[in-house]
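**Q** Once you have looked at the hints, place chain B on chain A.
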Amino acid sequence: MGESFLGQAFVYLLAAVATVPIAKRLGLGSVLGYLLAGVAIGPFGLHLAGDAGEVMHFAEFGVVMMLFLVGLELRPARLWAMRGPVLGAGGLQVGLTALAVGAIGLAFGYDWRMALAAGLILAMSSTAIALQILAERGLLKTGGGETTFAVLLFQDVSVIPILTVLPLLAFTAATGGAAHHDDGWIATLPPWSQALAVLGAVAAVVLGGRLLTRPVFRLIAETRLREIFTASALLLVVGIALLMESVGLSPALGAFLGGVVLADSEFRHELEGDIEPFKGLLLGLFFLSVGAGIDFAQVAAAPLTVAGLVVLLVLVKAAVLAGLGLASRRPRTEVLLTALVLSQGGEFAFVLLAFATQNGVLPAAEASLLVSVVALSMTVTPLLMMAYGRLADRLADTDLAPEPDAIEPQGSVVIAGFGRFGQIVGRLLMAQGHPVTVLDHDMETIEALRRFGFRVFYGDASRLDLLQAAGAAEAALVVVATDAPETTLSIIGTVRRHFPQAQILARAADRSHAYAVIEAGAHAMVRETFSSALELGIEALRRLGLPAYEAERAGRLFRRHDLRTLHRLGALRDDDGRYRVAVREASEQLVGVLERDQARGRLATDDGWDTASVVEEVRRQAAPSGAES
Amino acid sequence: MPQRILVLLAHPVRRRSRANAALTAAARQVEGVRLHDLYEAYPDFLIDVEAEQALLLEHDVIVFQHPVYWYSSPAILKEWQDLVLEHGFAFGREGTALAGKAMLSAVTAGGAETAYGPEGMNRHSLEEFLRPFEATARLCRMRWLPPFILHGTYLLEQPALERHAAEYAALLRNLRDAVEA
Chain A
26 MGESFLGQAF
36 VYLLAAVATV
46 PIAKRLGLGS
56 VLGYLLAGVA
66 IGPFGLHLAG
76 DAGEVMHFAE
86 FGVVMMLFLV
96 GLELRPARLW
106 AMRGPVLGAG
116 GLQVGLTALA
126 VGAIGLAFGY
136 DWRMALAAGL
146 ILAMSSTAIA
156 LQILAERGLL
166 KTGGGETTFA
176 VLLFQDVSVI
186 PILTVLPLLA
196 FTAATGGAAH
206 HDDGWIATLP
216 PWSQALAVLG
226 AVAAVVLGGR
236 LLTRPVFRLI
246 AETRLREIFT
256 ASALLLVVGI
266 ALLMESVGLS
276 PALGAFLGGV
286 VLADSEFRHE
296 LEGDIEPFKG
306 LLLGLFFLSV
316 GAGIDFAQVA
326 AAPLTVAGLV
336 VLLVLVKAAV
346 LAGLGLASRR
356 PRTEVLLTAL
366 VLSQGGEFAF
376 VLLAFATQNG
386 VLPAAEASLL
396 VSVVALSMTV
406 TPLLMMAYGR
416 LADRLADTDL
426 APEPDAIEPQ
436 GSVVIAGFGR
446 FGQIVGRLLM
456 AQGHPVTVLD
466 HDMETIEALR
476 RFGFRVFYGD
486 ASRLDLLQAA
496 GAAEAALVVV
506 ATDAPETTLS
516 IIGTVRRHFP
526 QAQILARAAD
536 RSHAYAVIEA
546 GAHAMVRETF
556 SSALELGIEA
566 LRRLGLPAYE
576 AERAGRLFRR
586 HDLRTLHRLG
596 ALRDDDGRYR
606 VAVREASEQL
616 VGVLERDQAR
626 GRLATDDGWD
636 TASVVEEVRR
646 QAAPSGAES
Chain B
4 MPQRILVLLA
14 HPVRRRSRAN
24 AALTAAARQV
34 EGVRLHDLYE
44 AYPDFLIDVE
54 AEQALLLEHD
64 VIVFQHPVYW
74 YSSPAILKEW
84 QDLVLEHGFA
94 FGREGTALAG
104 KAMLSAVTAG
114 GAETAYGPEG
124 MNRHSLEEFL
134 RPFEATARLC
144 RMRWLPPFIL
154 HGTYLLEQPA
164 LERHAAEYAA
174 LLRNLRDAVE
184 A
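If you're matching them up, the sequences are chains A and B in order.
FYI, the numbering for the first sequence is 26 to 654, going by our numbering.
FYI, the numbering for the second sequence is 4 to 184, going by our numbering.
Be a bit skeptical, because a hint or two may be false.
Heads up, incomplete: computed chain B residues facing chain A, CB under 8 angstroms, no partners named [said to hold, decoys possible]:
1. Asp47
2. Leu88
3. Glu89
4. Gly91
SDA-like mimics (lysine to any residue), calculated; alpha carbons at most 25 angstroms apart, straight line [as the list claims (entries may be wrong)]:
5. Lys104(B) x Ser638(A)
6. Lys104(B) x Glu642(A)
7. Lys81(B) x Arg141(B)
8. Lys81(B) x Glu577(A)
If you want the ones that stay clear, here's a sample from chain A, every Cβ over 10 angstroms from chain B, calculated [said to hold, decoys possible]:
9. Pro68
10. Leu124
11. Ala549
12. Glu642
The hints are simulated quantities; they were obtained by calculation from the structure and are not laboratory data.
Where a beta carbon is used, it is the ideal one built from N, C-alpha and C, also for glycine.
This is chain A alone, in the form it adopts within the complex (with noise of 0.2 angstroms):
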């Protein structure tokens, strides 16, 4: 970046702040408004961006950040449960794509080698820009939305074969210089060596992330800093990427495998909402980089030929999608998304681009021509989602088959703080077979309950990010279990605020703090001590002479009572329709509560088997005639 940093990041967010918004307002999605902002500040627009490659080398790491989260999201068992559509959607893809592609090649009269070169290369998608609109729009745990991962998946790791196999295609030697793709020592080794080294690093990712990663993360946690713990986050992601890529593999690739290593974690949400900003914002810079960098005097010089190629590429990608997806008796709306989701050339084709020309498998001139349709391929990609919404209703009509549900149940509910409260609402839940995904700030509980195989995460649960990170946007129930009263009420206002389908059950302190979660929105609400204490008096009762079950009666009707008085108390709204009565129940709360409860007098209603009037009446009805009058 020529100059000034400040300066340059200045225009940037500036272009991103000024455009996005309006671009999702107009419903065009963050995508389009990214790559449109780009175009705006790069060289064919206002001239304002710097060298647009170099931001966009520096912006790739959001696609390794976004490849972490998703591996974050996807626990091994899952992963494993995907090698069929990986291998099997995702190698006919790449497969079949680059045939398609290379056979049109030749018709145009190149050589066979370029023709599946560009095959190979053009076969990727972007994982950034699909992700990103399946995420936006929801649509990342649907069946299509699966099946675009997969094909990605299969698409990042066939990235290393394809920059082993791409010198070989090559019709002239090498153009000096770099010979060879930016590999660093690890090219200098024998084969055999090399390949230990990619065994080794992903076995050091993996055992890594096993064995080291919980007790650093636990002993930063606790040391309660929270711009250390996402340091190290940050720290963990790069590192990843730096041994990947000194060992040749793709950096996107190891972080998606830290990720993954790491879904099981208490730490999983807390990492995921440190990072989440992070990935945003490179990706953003990313999609500016793409629109800044795309070279309209090359367009401007041939606009037909661009224009025919990117319409080309498009029509082969989602052919060839759509095809696999009906050959394989896909719901129409579903093959329809991964289509149109993943019919843009990719980030890596930039990279391998630059790496074929090279090798000399292609000509600078071809190379260049490709760079420029593959970003522009990128820009129809938006486009396209637009229609997808209205093409998709008309499908669903004709179509039987109901889109599958969502890839885990994980997250139907949330239960905020688990600490001998949460604990118990928890447990219940779980014998009931219902996932509970379960928030707290402390260690030594999660410890704890991790050991009895409790999916339980460590974080502020009063944290937005967090809360979303553990699902709440999708959870049925948010169970508000923590001890702090002022935090409950935060954490119910947040919840309400931002996850309007959830309803609210919250632990209350006492009375007063009950009218307080109330009207903060909760739906149902429990005082913590209320039960509890109930049951010491059933037993004291019982231990007074009390029947066992006219004691059990007499405590239930005992809350019941208490119940229906809080909440007519509670009905009573002053003018300004807070509940104020409330505030001042408080301090006669006492008082006042014992003289309604003596002036309920008795309380049990069982007259029912009271047979003393029946005996009453009987007697009468048996006795002289004379006797009534």
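**A** What follows is chain B alone, placed relative to chain A:
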């Protein structure tokens, strides 16, 4: 004036209920019928006597809808009878609150009708087993209607079940529209 119908539903595990669920769904379709799920209202068996009596006063036809458990109703309906049909309210010299109202038993039984024949496993017909309810109606000065009985629910196919549910709905509709004699 249409008759006001109260259906007291007693099924402890609705998720295992097939026949009763079908009947309930049918009853829900009938306008002017109030469904009152006892297990849902009183998971703790703590029947609110005052509220239940008020509910009875507001209706003309009281339906007990439940599966047959051990030749009788599920436990909560017995608890309900014990506590709600109080002396001085439902029976006794001054207990005339329910006088003139009608009572209907709508029950589902797993066994086939033949099992309830003189040669069958149960020896007596369901009408016989429902005598305590009939007697209750009489003591409360209520009219005892011929019970609606769905036999053989274990083997009942879905179409047949739906047909019987429709019959139940028709019966409720007739009761609602019947002119009080």
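**Q** For the pair supplied as a hint, Lys104(B) and Ser638(A), is the alpha-carbon distance within the 25 angstroms limit?
**A** Since the Cα atoms of Lys104(B) and Ser638(A) sit roughly 24 angstroms apart, the hinted pair holds (cutoff 25 angstroms).
**Q** So, as I understand it, the hint says Gly91(B) touches chain A; can you test that by seeing if any CB pair is closer than 8 angstroms?
**A** Holds. Min distance 6 angstroms.
**Q** Less than 8 angstroms between beta-carbons is the criterion; does Glu89(B) satisfy it with respect to chain A?
**A** 5 angstroms, holds
**Q** Would the hint linking Lys81(B) and Glu577(A) be met if the CA-CA limit is 25 angstroms?
**A** Within the cut-off at roughly 19 angstroms; holds.
**Q** Would the non-interface assignment of Pro68(A) survive a Cβ cutoff of 10 angstroms against chain B?
**A** 66 angstroms, holds
**Q** Straight-line Cα separation of Lys81(B) and Arg141(B) no greater than 25 angstroms?
**A** Status holds; Cα separation ~17 angstroms.
**Q** Mind checking the alpha carbons of Lys104(B) and Glu642(A) for me, to see if they're no more than 25 angstroms apart?
**A** Judged against 25 angstroms, a Cα distance of about 24 angstroms means the pair holds.
**Q** Quick one, is the Asp47(B) hint okay against chain A at 8 angstroms, beta carbons?
**A** 5 angstroms, holds
**Q** Does Leu88(B) meet its interface restraint, that is, does its C-beta lie within less than 8 angstroms of any C-beta in chain A?
**A** 7 angstroms, holds
**Q** A cut-off of 10 angstroms on Cβ-Cβ distance, and Leu124(A) was said to be off the interface with chain B. Does that hold?
**A** Given that every Cβ of chain B is farther than 10 angstroms from that of Leu124(A), nearest at about 51 angstroms, it holds.
**Q** Quick one: work out the minimum CB distance from Ala549(A) to chain B and report holds if it exceeds 10 angstroms, violated otherwise.
**A** Fine: 15 angstroms to the nearest Cβ keeps Ala549(A) off the interface.
**Q** Is the Cβ of Glu642(A) farther than 10 angstroms from every Cβ of chain B?
**A** 5 angstroms, violated
Checked against the numbered hints given earlier, this structure breaks only hint 12.
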